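Visitor: As a plain string of letters, each chain reads:
Number of protein chains: 2
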Amino acid sequence: MKNIKIQAPATVANLSCGFDILGLCLDKPFDEVEVDKINQKKVLIELVESKYSNIPTDPRKNTGGLPAIQIIEDFKLDFGFKIKIKKGIPLCGGMGSSAATASGVVFAINKILNETLTDKEMLKYALIGESVSVTNPHADNIAPCLFGGLTIIRDTKTLDIININIPDLYVCLIHPDISVSTQDARDMLPNKIKLTSAVKQWGNIAGLVTGFANGDFELIKRSMQDEIIEPVRAPLISGFYDVKNKSMDLGALGCGISGSGPTIFAICENKITAKKIMDFSKNFYRNCGIDCDVYISKVNHSGPNILK
Amino acid sequence: MKNIKIQAPATVANLSCGFDILGLCLDKPFDEVEVDKINQKKVLIELVESKYSNIPTDPRKNTGGLPAIQIIEDFKLDFGFKIKIKKGIPLCGGMGSSAATASGVVFAINKILNETLTDKEMLKYALIGESVSVTNPHADNIAPCLFGGLTIIRDTKTLDIININIPDLYVCLIHPDISVSTQDARDMLPNKIKLTSAVKQWGNIAGLVTGFANGDFELIKRSMQDEIIEPVRAPLISGFYDVKNKSMDLGALGCGISGSGPTIFAICENKITAKKIMDFSKNFYRNCGIDCDVYISKVNHSGPNILK
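Residue numbers (numbering that gives the first Met the number 0), protein chains in the order written: chain A, 0 to 307; chain B, 0 to 307.
Hints are computed from structural coordinates only; laboratory data are not their basis.
On a predicted model such as this, the values are computed, not experimentally measured, just so you know.
Treat each hint with caution, since some may be false.
[Said to hold, decoys possible] Computed list of lysine-lysine pairs in BS3-like fashion (alpha-carbon distance at most 25 Å, straight line):
id, chain 1, residue 1, chain 2, residue 2
1, A, Lys50, A, Lys83
2, A, Lys156, B, Lys193
3, A, Lys193, B, Lys191
4, A, Lys123, B, Lys220
5, B, Lys191, A, Lys156
6, A, Lys27, B, Lys156
7, A, Lys220, B, Lys220
8, A, Lys193, B, Lys274
9, B, Lys220, A, Lys156
10, A, Lys75, A, Lys119
11, A, Lys191, B, Lys191
12, B, Lys193, A, Lys193
13, B, Lys281, B, Lys307
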């Protein structure tokens, strides 16, 4: 294989109580990544014009470029890659945009290399990509992006990832045009938390994982709570609680901050509920004078979609 | 039904990373609880002589007596109960001794009342029993004792309990003759913990619950870690790390402090491994000059065992 084109999907990290350990793969939005094997032992990045195309083309500064360079080095390849990226996932939105590019490139290169990389190696290289955009990167976007479905990142250090089969659910992503830096959203978190809060959180995590695994919607609903991270970050997102409360009223199973925000996710049993939440949110932010993109997506069970 | 006799089993709370939210039911040791319906509207407690029979017979001070009184009041019963208790579970050992009496009495009375109580009501009354022996009681012993198997206590306030089907496993309980007060073991815990430690812990909880649900022994092994509570309480239990390290060497899936100790539990895939750990531990504590009781038990999937 000398050429491959894929869709690398958006992901929702954290899912309320699962801060840094849970991630969910969606169908859209997505980045398009096309990789060509080239004779020169180098990495070329080409950006296809899109609404979000202001990312670096210097491969060392690009979340897809750096892992490509590293793979060429580590596997002593005598060829290189031309990587064409069409960004479809808003940058710094909390939808795993940088992870999608990183994972998409690693996934595509692995196909060109006849699936030489193990799952753990794919994670490792995609994480190298993530390190371009954030210090101390986590795997809660790259893991679901690479493998699909709901992933538990049991341990980032050893890249111990567990995939959980979950039902077909719909997610409404609400992305208000508010600037939230991933690094700032991380830096504002407390170093220490109350043990009682932590215990509440781990009860909810155990409940949420079990709810997803068993398709127990009521349990998902009861468990998708976060009293630790969400209250700290919510003030960064104008209208967060309005959207959250209304989403729950409209029938969402859970609603929270996607990754570090400002995107808000609402998980729904069906498309009709997701559509109602979309309509409300669009209207709400229009009335606030804030631009807002909204996406409705099914859960993606398999990861990147191969286009050719 | 006017009379019932049951075995109320020991339970392992916490299971390393699941502090206050996980509990596992065993076959043995157990308390024997016999309840007779009596004409007088009162509660009588009778103790059958055993190694651990030094518990109060005043029903208001007995973990089985208090819920019985409360049930008579709440359900406006015009009769009462004679409760005969033969303690088989060591007191203050970390094996859910007080919970077994409380749950056993509630379970037995519920049978006499033709299963009038809902699961949540059973939990509520058993928790009232627990409050006799500890302030701010938790449901991580009573829930598995009442319902069997592995239980998640998602939320103690609302008594939101989730039961997880798990494989047939063996547990070795090692109970050295060391005094650890449940209240002291709780009071010594920190009020606050590092967010990074909490994140590690919730990764492990998600992994452990999934490992149990899927019968994935390797995942159970990787996840059964506790860097928050165990290091604080371990110094109370002489020889804890010797037993733990050797148990893991001998093939345990996990080993930690049962409840607030001093009992040490080791979860094993089979009886042979449990037996090896038993032999080592007996010998180890004998050499230390510390008395030690050891039990090997299968996981109990159904809760109290009805004898007649």
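Visitor: Confirm or reject each hint.
Guide: Taking the hints in turn, this is what the structure says about them:
no.: 1; hint: Lys50(A) <-> Lys83(A); verdict: holds (15 Å)
no.: 2; hint: Lys156(A) <-> Lys193(B); verdict: holds (17 Å)
no.: 3; hint: Lys193(A) <-> Lys191(B); verdict: holds (4 Å)
no.: 4; hint: Lys123(A) <-> Lys220(B); verdict: holds (23 Å)
no.: 5; hint: Lys191(B) <-> Lys156(A); verdict: holds (24 Å)
no.: 6; hint: Lys27(A) <-> Lys156(B); verdict: violated (39 Å)
no.: 7; hint: Lys220(A) <-> Lys220(B); verdict: violated (29 Å)
no.: 8; hint: Lys193(A) <-> Lys274(B); verdict: violated (40 Å)
no.: 9; hint: Lys220(B) <-> Lys156(A); verdict: holds (17 Å)
no.: 10; hint: Lys75(A) <-> Lys119(A); verdict: holds (19 Å)
no.: 11; hint: Lys191(A) <-> Lys191(B); verdict: holds (6 Å)
no.: 12; hint: Lys193(B) <-> Lys193(A); verdict: holds (9 Å)
no.: 13; hint: Lys281(B) <-> Lys307(B); verdict: violated (35 Å)
Figure legend: structure checked against the earlier numbered hints; hints not met, in rising order: 6, 7, 8, 13.
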